[in-house]
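Novice: Generate coordinates for the entire structure from the input sequences, incorporating the hints supplied.
Line by line, the protein sequences give chains Z and X. Just so we're aligned, residue 1 is where the first sequence starts under my numbering, counting upward by one. Just so we're aligned, residue 307 is where the second sequence starts under my numbering, counting upward by one.
I should point out that these hints are in silico values taken from the structure, not numbers from a laboratory. All residues carry an ideal CB built from backbone N, CA and C; glycine is no exception. A few of these clues could be false.
Said to hold, decoys possible - Derived Cβ-Cβ restraints for the label pairs, each shown as a range:
hint, chain 1, residue 1, chain 2, residue 2, range
1, X, E387, Z, K246, 35 to 41 Å
2, Z, E237, X, G351, 57 to 63 Å
3, X, P332, Z, R113, 45 to 51 Å
4, X, V335, Z, N107, 29 to 35 Å
5, X, S389, Z, S112, 49 to 55 Å
6, Z, K246, X, D362, 23 to 29 Å
7, X, V335, Z, F224, 38 to 44 Å
8, Z, D58, X, M349, 38 to 44 Å
Listed below are the residues making up each chain.
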Amino acid sequence: MNIGQLSSRELCNQLRSTGLRWILGPFIVHLRSRVPDFFQHLQMFYHENEILEPPWDDIADFHASLHPSFGLRRYWRPKVSFRLDGNSFFTPFPLSHAPPMFEWGMNMAVASRSNHYLLLHAAVLEKGGCALVLPGTPGSGKSTLSAALSLRGFRLLSDEFGLYCPQKKVFMANARPVGLKNESIDVIRAFDPRAVLSEEYPHTRKGTVSFLRVPVGSVQQIDFGVVPRWIVFPTFEQQSATYLEKIPAGEGFLRLAANAFNYETLGQSGFGGIAEMVRDSQMMQLRFGRLDEAVAELQNLTSVTP
Amino acid sequence: MSILAPAPDDGFPLPTPHRWTRGKCPPLVHVPLGDHHMIFNPMSGHTHWINELVVDILEILAQHPMDGRELMTEMQLDPAEDSNLAEMERILNELDRLGLIFPVAS
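Specialist: This is the structure we're talking about:
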């Protein structure tokens, strides 16, 4: 059964009582929430995700909860806090910002609990059975690119975390709503009017954010890992011409290792993982100022499997 | 980390010369990438990007301790030129600083 098959009442009741467990790629999430209306975020963005019905025999990777504030705070500028295993890591957000708080909380959960994977700060998409990896720091354009490519038939594995399994030598899918910030929101609206976006959440620490619903296929094929074939470091620059060029393998190795959250934690396993990715992939960098041109370059690149 | 040369009678440590070795260190993990190599040092957990000259130096010092002059002879380089020897000594000191080789008394 999927989240979308639960009625609003069932979903609300489950979130408020025992909590809801669902499969998110290689993870099992357990969420409890008493935030009014938050269930609508799950209905909109996680409706294809399979739920686990109690009694639960599986061990959840993340026990998360969203708590509205108590006391007078319930009435005066109400807030919401995110907890992971009962611990709070962020200062509370306004109650209406429960969805971005949940998404960023999940980012933190994945980043802190996934040392059995080599964890790249990267968007990962699949085309023709191979993975296109877009490593980049915030502002590099990786989320906007991954949103646009997912709207052009690429399967989205992740817009934020590239989960590379050194044992299986594949990227694991972890498709969640794509977080878009500020100008990117209108850029994606203009790029494809069919894009399904959440409401906008203004005045967050990242500015205004909105979330893009990932195509159904990205969630339905969430069990399939993908071997890397193209590693492209994007850089967005206003007014820049678009060009895609090869970079030396050694430089690619160092940039990829520097981009990994847990490279040094994993030691030799991390080194081996990066070495395999570099050996099996074309290493490129993409500088772009126009989204449509960048998408065309990447479509062209991935039209031929190396 | 380094093994000091034996002290002379007056109690002051001997200056160089000494030899360098990789001794009984766990083997480095090598990945050739074009004309450079990426190596992983299991002892430090650090990754280094090195050229083929350094690869050869590390391989030779894994077999036998040598000083800079012996190393250059082994590599068929000309140790007679002072600038060459100085450059080799600089490389060896840098590799020592990175924990890839260690000095031993001659």
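Novice: Work down the list of hints and note, for each, if the structure agrees.
Specialist: Results of checking the hints against the structure:
At about 38 Å, the CB distance of E387 of chain X to K246 of chain Z agrees with the hint of 35 to 41 Å. A beta carbon spacing of about 35 Å between E237 of chain Z and G351 of chain X contradicts the range 57 to 63 Å that was offered as a hint. A hinted range of 45 to 51 Å is violated for the C-beta pair P332 of chain X and R113 of chain Z, which are about 30 Å apart. Between V335 of chain X and N107 of chain Z the Cβ separation comes to about 31 Å, which falls inside the hinted range of 29 to 35 Å.
For S389 of chain X and S112 of chain Z, the hinted distance range of 49 to 55 Å is satisfied, since their beta carbons lie about 52 Å from each other. Checked against the hint of 23 to 29 Å, the C-beta distance between K246 of chain Z and D362 of chain X comes to roughly 28 Å, which is consistent with it. Look at V335 of chain X against F224 of chain Z: about 30 Å separates their beta carbons, and that is not inside 38 to 44 Å. The beta-carbon spacing between D58 of chain Z and M349 of chain X, approximately 40 Å, falls within the hinted interval of 38 to 44 Å.
Checked against the numbered hints above, the structure violates hints 2, 3 and 7; every other hint is satisfied.
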